[in-house]
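Trainee: Going down the list, the protein sequences come from chains B and L.
The first sequence: position 198 = 187 (my numbering), numbered continuously.
The second sequence: position 187 = 176 (my numbering), numbered continuously.
Bear in mind the hints are in silico, worked out from the structure with no lab data behind them.
Errors might be hidden in some of the hints.
Which copy is meant is left open, because identical chains are indistinguishable; a pair holds if it fits in one copy or across any two.
In silico lysine-lysine, DSSO-like type, Cα no more than 30 Å apart, as pairs [claimed, not checked]:
#1 K56 / K313
#2 K49 / K123
#3 K13 / K32
#4 K90 / K211
#5 K20 / K172
#6 K20 / K294
#7 K313 / K274
#8 K90 / K216
#9 K281 / K83
#10 K281 / K20
#11 K313 / K294
#12 K83 / K274
#13 K211 / K32
#14 K211 / K294
#15 K71 / K287
#16 K186 / K172
#17 K313 / K123
#18 K81 / K285
#19 K186 / K49
#20 K20 / K274
#21 K186 / K56
#22 K56 / K281
If you're wondering where the values come from, they're calculated on a predicted model, not measured in any experiment.
These are the residues of each chain, in order.
Protein chains: 2
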Amino acid sequence: MKAQELAAGIDIGGTNTRFGLVDKEGTIIFKDSVRTTDFADPKDLVNTVSERILTALNRKQETVNRKLIGAGIGAPNGNFFKGTIELAPNLKWKSVIPMAKYFNEELHAPALLTNDAKAAALGEMQFGGARGMKNFLLVTLGTGLGCGMVVNGELVYGYDGFAGELGHVIIIQHGRQCGCGRKGCLEQYCSNQGIVKTYFEILKSENPHALDELDTDTINAKYIYEKALAGDEAAFYAFNYTGELLGYALANSVIYTGPEAIFLFGGLTQAGELIFNPTILSFEKNLLPVYKLRNKIKILPSSLKEDEAAILGAASLIWREEDKTK
Amino acid sequence: MKAQELAAGIDIGGTNTRFGLVDKEGTIIFKDSVRTTDFADPKDLVNTVSERILTALNRKQETVNRKLIGAGIGAPNGNFFKGTIELAPNLKWKSVIPMAKYFNEELHAPALLTNDAKAAALGEMQFGGARGMKNFLLVTLGTGLGCGMVVNGELVYGYDGFAGELGHVIIIQHGRQCGCGRKGCLEQYCSNQGIVKTYFEILKSENPHALDELDTDTINAKYIYEKALAGDEAAFYAFNYTGELLGYALANSVIYTGPEAIFLFGGLTQAGELIFNPTILSFEKNLLPVYKLRNKIKILPSSLKEDEAAILGAASLIWREEDKTK
């Protein structure tokens, strides 16, 4: 029988944990998910996920023997150097959790863990639109704003492992209060929560009581997107303002690492031209001319499917190590 | 006779070109300079500098044979990938000059060229306070503001070679007009020209005719420094404002590459505490808390002597390549 090598990709999110088995071409041959919030103890989540992965792996095959070469884990506040999740604001487990060690013990395979946005950047480089690129940025526009940066073909971790917290670049001094304790951070403007705040501000500026009639808890980027499509000017302007600030922030970001392309990923990018057009316009306007000399820096949507990217990104942690040892 | 390997270090500045011969411990065994502006044709500068370097190299030695292993060149708008100086605003040669090729031909040794701030960062890593560091920034505060960034032990060049143009991060939207065509760039505030503009603004805000009595062309950072020491409040406040913006910009910069330390270098740093104190205060205030978790990120003066750093930095281009091949 032939042997098929597979990597597990596990993405631990605030709401759901998605996981799967990925071959070296990036084909997901099994995928599943559980609700993260169902597990009061992270060890229980590890047990359940590992059991399902091993069951899928060992399912009787007629022509191939499957072999698990490792497990890659993406998680908010994931620390690559230590394999731990540290005080993630979106997870209810509040201590430092040695997640890589837990999975290593249950799966009997090497386990590597990284921050979710960094995993997404790895996935883009291994299986997506960044194949062959040595210098690029990937920005995730979800509830918050995350970033994975690749320089000279390697993810940038920095001295402490915390490089790339782009969501906390101060974009407007003395601006909106951020959860980090500072004011004016990028993710207070360019993210799901950011565009909702902008939309509310616009509505209130037109009518101080505008929010009284709305069920504000149900309003998210998707709602604003649908409003904009239906001709709501406030919603349209909210996307414009978000793109304008994002383009400005990306033009400043280019200066640090000189990327070939910037990939945008996550919820907000589903709005397509509504977010990409103002972002690109503002990016070009604010870009230092020297970066236009030879090649345009491209702003592109991630080429990975939204529901597969997280698993592929996490599995890339293993496939990249595998590539290096060859 | 013993053989002594030496690298030439050549720093081409807007006013002076400094050059020397450097051994692998960073000892400068010969140094000299010419006025850059004396040479209408860059080839004439190359000829003169090369002749003096070769004369020094071949001066009769009793106990050692000297061997030139290569020449490193630092220059404004230096392009490492092409070995060219490209449209440098501070140099009167306005075309694209293949400077590395010229020196290679005259010195009969390999020649490498890079941007002057990147050379300074290499010098700090090879011979200065950044020895052993894999992730740090060096910021030069001269006429303008330059930056060399080291990530994973390597200088960051980016896709086009233009990474690190920190002087052109927009720090104040719609701020001061910059020579690059955009507004609010960092070097319009945090540099020699920047602090002069700030000082003039403060004087004018106190008295609209304040500048009429001054010989404004002679005023530079050194003048403002001496004024501040003598108790001039406007001068003192100019340093405070410069440091406040610099600290804020550095706190934002940390987010991209997560450095272990930031080195400050060049004219403005001669003001010592007058510039370091407000910079560090603002840096700590604006820093994302996660970067304070384990170790403080240090803001330090360059440990290389002002008049030697440029030669050492340029020579480091050669010594680093030499180290790699061993």
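Trainee: Checked against the structure, which of the hints given earlier come out wrong?
Mentor: Violated: hints 2, 4, 5, 7, 8, 10, 13, 19, 20, 21 and 22.
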